[in-house]
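> Make the full structure from the sequences, and use the hints.
The primary structure of each chain is shown beneath.
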Amino acid sequence: MRRLVPLLAVLALGVAACSEKEQIAEFKRGKYQGKPDTPAWDNGPLPDTFRGSQWKQGDRASWEESIKKRQLAQHEYRRIYQ
Amino acid sequence: MLLTRKATGQAASQGRLSRGVSGVPAKTMDRRTFLKRSGVGVGAGAVASQLPFSILTPAEAKEEQGKVEVKRTVCTHCSVGCSVDAVVQNGVWVRQEPVFDSPLNLGAHCAKGASVREHGMTHESHRLKYPMKLVGGKWQRLSWDQAYDEITKKLLDIRKESGPDALFVVGSSKHSNEQAMLMRKWVSLWGTNNTDHQARICHSTTVAGVAQTWGYGAMTNSYNDEQNSKSMLFLGSNAAEAHPVSMLHTLHAKENGCKVIVADPRFTRTAAKADIYVRTRSGADIPFLFGVLYHVFKNGWEDKEYIKARVYGMDEVKKEVMAKWTPDKVTEACGVSEAEVYNVAKTLAENRPGFIIWAMGQTQHTNANAVVRASNILMLALGNVGRSGGGCNIYRGHDNVQGATDVGPNPDTLPGYYPVGVPGSWTHWAGVWNIDLDWLKKRYASEAMMAKPGMTVSRWIDGVLEKNDAIDQDSNLRAIFYWGHAPNSQTRGTEMLEAMKKLDLMVVIDPYPSASAAMFAKVRKDGAYLLPAATQFETEGSVTASNRSLQWREKVIDPLFESRTDQMIMYQFAQKLGFADQFLGKKDGKQNIQLVKGKGGMDEPSMEDTLRNEINKGSWTIGYTGQSPERLQAHMRNQHQFDVKTLRAKGGKDAKTGYDLTGDYYGLPWPCYGSAAIKHPGSPNLYDNSKHVMDGGGCFRALFGVEKDGVNLLAEDGSYPKGSEITTGYPQFDHVLLKKLGWWDELTDEEKKVAEGKTWANDTSGGIQRVAMKHGCHPYGNAKARAVVWNFPDGIPQHREPLYSPRPDLVEKYPTHDDVKTFWRLPTLFKSVQQKAVKEEMHKKYPLILTSGRLVEYEGGGEETRSNPWLAELQQDNFVELNPKTAADRNVRNGEYVWVSTPTGAKIKVKAKVTEGIGPDTVFIPFHFSGWWQGEDMLPYYPEGAAPIVRGEAVNTVTTYGYDRVTMMQESKTTLCEVAKA
Amino acid sequence: MARMKFLCDAERCIECNGCVTACKNENEVPWGVNRRRVVTINDGVVGAEKSISVACMHCSDAPCMAVCPVDCFYRTDDGVVLHDKDLCIGCGYCFYACPFGAPQFPQAGAFGLRGKMDKCTFCAGGPEADRSEAEFKKYGRNRLAEGKLPACAEMCSTKALLGGDGDVIADIYRERVLRRGKGADLWGWSSAYGLPGQKPGAQPVQPQPQPSSGKS
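Chains as they are written, first to last, in numbering that gives the first Met the number 0: chain A, 0 to 81; chain B, 0 to 981; chain C, 0 to 215.
Quick caveat, the hints were computed from the structure, so don't treat them as lab data.
All residues carry an ideal CB built from backbone N, CA and C; glycine is no exception.
One or more hints might be untrue.
Unchecked claim - The list that follows gives simulated cross-link-like pairs (lysine-lysine, DSS-like), each with its CA atoms no further than 30 Å apart:
| no. | chain 1 | residue 1 | chain 2 | residue 2 |
| --- | --- | --- | --- | --- |
| 1 | B | K70 | A | K68 |
| 2 | C | K136 | B | K128 |
| 3 | C | K137 | B | K70 |
| 4 | B | K652 | A | K67 |
| 5 | C | K84 | A | K27 |
| 6 | A | K34 | C | K115 |
| 7 | C | K137 | B | K66 |
| 8 | A | K68 | B | K652 |
| 9 | A | K67 | C | K137 |
| 10 | C | K137 | A | K34 |
| 11 | C | K136 | A | K67 |
| 12 | A | K55 | B | K70 |
| 13 | C | K136 | A | K55 |
| 14 | A | K55 | B | K66 |
| 15 | B | K655 | A | K55 |
| 16 | B | K649 | A | K67 |
| 17 | B | K616 | B | K752 |
| 18 | B | K70 | C | K136 |
| 19 | B | K644 | A | K68 |
| 20 | A | K30 | C | K136 |
| 21 | C | K84 | A | K34 |
| 22 | C | K136 | B | K66 |
To be verified - Listed below are several chain B residues computed to face chain A (Cβ distance under 10 Å; list not exhaustive):
| no. | residue |
| --- | --- |
| 23 | E68 |
| 24 | V69 |
| 25 | V87 |
| 26 | Q226 |
| 27 | V643 |
Here is the structure:
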């Protein structure tokens with residue numbers, strides 16, 4: 000009997016481990032659940048009175064080009080050494 | 000969760016996020032600090048639920064959008080002159096866009112410029128919306144007609160009883176050039192010289208001191224020209240907060256090797272960008288400047304050739320500086336060690352050309368007329384003046400303080416600095432204004448009063464309070480117009496309250512009620528009117544930036560609520576007071592200024608006519624004659640053509656008018672001599688004799704005579720503007736000189752008729768100027784700059800301790816001036832105040848130096864900017880900067896309320912801001928606040944709905960007596976105070 | 000391929016708050032919501048004071064997006080991180096996660112009730128029809144859809160704050176660094192990569208590139 004109790008204890012522990020769940024939390028990146036949004040270049044450019052830049056509607060490359068060109072206004076070296 | 004997750008097949012970006020706050024000393028930045036001020040603060044209740052004021056954007060192309068226009072205007076908040084494109088839809092200002100093309104600001108803005116669209120918002124506006132009258136201590140609405148009737152009746156009664164000098168008109172540095180000139184005219188037609196504006200308390204000492212040194216008292220170069228500079232000494236300027244966009248040019252220069260030196264009692268935001276920072280004592284600028292000059296002379300770093308050819312009196316100055324301003328004396332007086340002073344001198348000497356830059360730090364002292372001259376002398380010694388990249392870059396304050404000084408309401412000059420004491424000035428302007436000179440003379444109390452400079456805005460309160468036999472006019476002041484000016488920028492606020500008690504009439508004409516309304520209502524039950532004026536976005540006009548360029552503002556929107564433009568108000572008053580025709584220059588079948596339809600179809604003077612037919616026709620002395628509205632508007636439309644370093648247009652034609660821009664400097668910086676027809680390009684850098692005069696070149700002015708004590712005052716042989724046919728010095732041009740030179744016949748017959756008997760300054764045909772410049776000569780002569788200004792109280796600048804000085808030992812060595820019995824019509828004390836302070840041991844009771852200055856979020860008196868929620872949120876409490884030791888000694892913790900008291904006996908309640916940036920002997924309080932009075936919130940005294948969002952104590956409630964010996968500038972930069980826990 | 004970024008050049012930032020009010024102006028953000036703030040380090044300490052303008056950094060791997068329980072965040076093809084306010088439950092978790100404090104909540108009531116999260120949108124609006132009134136009311140202005148860049152970067156007083164395509168920013172910044180003659184260190188480099196015991200803000204120890212002549 001005295002040998003049985005520790006043996007039973009060890010067996011119980013061993014069995015207990017088998018029914019446990021994984022304790023490591025797994026991160027699952029979520030998927031956006033909100034409304035759809037349209038890219039900026041899908042819009043048509045505004046008249047010059049709004050002081051924006053001009054691009055070809057729907058054409059991403061032309062929008063990017065116009066944005067990058069406008070961005071150089073933040074580089075005063077351009078304006079100074081033009 | 001984030002940092003311990005086990006990513007499953009995600010992009011390998013873990014670990015980078017911990018870099019988010021790296022490189023930051025934990026003690027000073029944590030997110031709590033970062034977010035502290037994002038909490039709901041003052042006024043949130045009013046604004047937290049604010050719906051965006053939005054307008055349908057054109058994206059919804061299907062509906063009728065209404066008219067969309069873009070108007071180009073200029074920010075109203077400082078003298079840098081940043082252009083703004085305002086998008087207006089159906090008459091509503093909906094968008095604000097940066098103007099990258101502008102050569103001055105390249106699209107950049109500070110907090111104020113980026114928020115100007117708020118001026119066009121009517122939802123929850125804190126504007127003064129309709130005329131109001133103080134009745135039984137409360138502000139009641141009344142109609143414009145009623146207001147006009149009552150005010151003019153009162154004015155005429157006062158005039159009958161006490162004469163025209165009983166009225167003081169405080170005009171505005173925020174008026175356009177046209178409005179400012181009309182203001183001066185209006186006051187003259189009323190019959191008094193008692194008028195003034197913010198320049199008095201801003202750069203009056205600069206204008207006087209600098210003009211007397213070499214000819215014109217304005218910025219010698221431009222903000223842009225700093226890009227061509229090798230060194231800059233900021234002494235008395237916190238440009239990072241007062242002129243933020245100028246730092247674009249400064250920092251660009253610094254990036255390209257320019258050395259930036261900042262000398263200031265505080266470690267300001269400008270100092271944070273300096274290569275060398277020097278802590279000085281407030282009020283001890285001459286010791287510092289001459290300390291630097293000592294080392295320049297000692298090491299032979301001065302530009303000897305330049306001095307010989309172009310400067311008078313430098314030997315005398317050198318003798319005095321070497322004897323008086325040895326390093327030990329310098330350190331004793333201003334607290335800067337010899338090594339630091341030497342370092343500054345060496346840096347300036349080794350890095351030329353260079354600038355000295357100043358604003359109120361130098362100008363607001365009792366001896367400031369001398370301080371600015373010391374700055375000039377330093378630059379002359381180094382040979383920096385009159386070249387690109389070097390000189391005195393004087394940063395003016397309000398958006399049009401330069402223009403208002405040039406052509407606006409000054410007590411001692413008519414537009415263009417023609418002195419009132421010279422009868423020829425009146426003859427000249429009566430001619431230009433097309434009014435009868437005899438009629439004008441009769442408007443004044445007497446011819447003597449007409450020739451006498453009026454009182455100043457810094458002292459109007461004494462005009463009310465002083466004993467009648469002590470003032471130099473018949474009656475005390477009984478009525479005051481605060482026309483576009485705040486009261487809390489003038490010192491001695493407690494006495495101003497006393498003066499308001501005694502006034503018969505106060506009229507405030509302003510887009511905001513201003514602290515004047517609250518102060519008056521606090522002590523009176525009646526006697527005041529508030530008239531809503533339009534802002535600078537609701538009218539057109541030209542404005543002069545600090546670099547002397549003129550820019551034309553287009554009208555963005557119609558005046559909001561019941562406000563009217565200043566020119567309409569002036570005209571309507573003129574009608575009621577009986578000088579409407581003279582106001583328009585209508586006589587003998589000619590009318591200078593046509594009327595145009597303004598708000599509500601009412602008539603108002605045309606701003607273009609005012610510029611073209613009066614300013615351009617009369618301001619020959621300073622060259623405001625070539626900047627016609629057409630040229631200025633062409634410049635505004637073609638800003639991209641102007642080079643940023645030189646401000647010059649290489650070519651280009653204006654698409655709208657065909658005007659050829661070639662050779663013009665942006666904004667035709669004055670002097671732009673001659674009529675628009677001769678197409679002078681403007682003068683970007685003054686006194687620059689590397690260029691032809693028709694190319695913007697120049698030389699020092701011959702204003703002070705031909706010789707002094709046997710020494711030649713004209714320029715030495717070989718010193719002349721490029722291409723000049725006369726290669727020696729010469730006096731100013733007049734008909735006599737032209738005839739002597741044999742050039743008289745080059746004038747047309749018409750020009751000869753007008754120019755006969757005249758000088759370059761009052762020949763309204765412009766012929767004398769035209770012919771002189773044709774020969775490469777400068778109309779005002781070619782002379783030396785004066786290092787010794789013998790007609791000033793101190794020929795060589797002397798250090799004099801402030802009236803309230805912390806150092807009685809220095810007061811003994813460097814005492815102030817003697818009292819003056821009559822100065823700008825008032826007795827003015829100097830020595831007696833200083834001696835009294837010493838005797839009563841004020842420096843023991845009030846051991847801290849109190850200095851005041853600017854914040855980037857606010858402008859001037861502050862009521863306009865503190866009514867803008869976007870700005871107000873950023874600075875919600877007035878505060879005093881205390882050194883940690885100063886605070887600890889008084890058991891004051893950061894953020895606690897304290898009482899700041901001064902020898903006036905008054906005290907103000909402000910929050911303590913404990914910072915190492917200020918030394919243990921000085922405290923600093925910004926001056927933009929008002930709306931509290933010695934601890935009491937003045938909200939009940941404002942008209943309903945028109946109090947600013949943020950209110951606080953005005954530092955000038957407690958500032959003390961002290962005035963400059965030449966210009967009556969107030970000593971707001973240095974006084975004494977004590978701080979105690981509240 | 001455009002990837003939108005912000006960079007604030009601490010050598011130029013003068014704490015003028017132009018970026019802050021430009022954002023307020025353009026997006027009509029109410030009192031209490033601060034999409035962009037200027038943070039000053041070592042305020043008043045001689046030689047060590049630096050300022051930097053901070054708003055949403057539009058992180059490539061955004062923590063806010065990762066932790067949001069309702070997944071209301073998305074990233075556009077340009078790299079702009081936006082969110083849908085209709086989904087947002089105001090839980091504030093993104094606020095905990097963000098190292099920059101970008102999420103803002105319009106506070107109302109005495110117990111700090113959070114409303115919908117609001118943050119810098121890189122002036123790209125949000126998931127409503129581009130340039131419509133609905134988009135403006137909820138998210139502020141959509142400047143990207145007008146061919147413009149964020150108002151804060153376009154209006155910066157000293158061109159310290161650069162905003163737009165990351166490659167262009169790198170070009171602009173590189174030119175400045177070359178002219179300054181200092182090493183290619185952003186402020187704070189040495190405390191992240193410097194030697195142990197070195198003071199923050201001190202110059203890095205590695206050899207400096209030679210300063211250019213400064214002329215173009």
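> The structure should be examined with respect to each hint, and the outcome stated for every one.
These are the hints, each one checked on the structure:
no.: 1; hint: B:K70 x A:K68; in the structure: holds (24 Å)
no.: 2; hint: C:K136 x B:K128; in the structure: holds (27 Å)
no.: 3; hint: C:K137 x B:K70; in the structure: holds (28 Å)
no.: 4; hint: B:K652 x A:K67; in the structure: holds (28 Å)
no.: 5; hint: C:K84 x A:K27; in the structure: holds (22 Å)
no.: 6; hint: A:K34 x C:K115; in the structure: holds (16 Å)
no.: 7; hint: C:K137 x B:K66; in the structure: holds (26 Å)
no.: 8; hint: A:K68 x B:K652; in the structure: holds (25 Å)
no.: 9; hint: A:K67 x C:K137; in the structure: holds (27 Å)
no.: 10; hint: C:K137 x A:K34; in the structure: holds (13 Å)
no.: 11; hint: C:K136 x A:K67; in the structure: holds (28 Å)
no.: 12; hint: A:K55 x B:K70; in the structure: holds (26 Å)
no.: 13; hint: C:K136 x A:K55; in the structure: holds (27 Å)
no.: 14; hint: A:K55 x B:K66; in the structure: holds (24 Å)
no.: 15; hint: B:K655 x A:K55; in the structure: holds (28 Å)
no.: 16; hint: B:K649 x A:K67; in the structure: holds (27 Å)
no.: 17; hint: B:K616 x B:K752; in the structure: holds (16 Å)
no.: 18; hint: B:K70 x C:K136; in the structure: holds (25 Å)
no.: 19; hint: B:K644 x A:K68; in the structure: holds (22 Å)
no.: 20; hint: A:K30 x C:K136; in the structure: holds (26 Å)
no.: 21; hint: C:K84 x A:K34; in the structure: holds (10 Å)
no.: 22; hint: C:K136 x B:K66; in the structure: holds (22 Å)
no.: 23; hint: E68; in the structure: holds (6 Å)
no.: 24; hint: V69; in the structure: holds (5 Å)
no.: 25; hint: V87; in the structure: holds (9 Å)
no.: 26; hint: Q226; in the structure: holds (7 Å)
no.: 27; hint: V643; in the structure: holds (4 Å)
Violation of the numbered hints given earlier is absent; every hint is satisfied by the structure.
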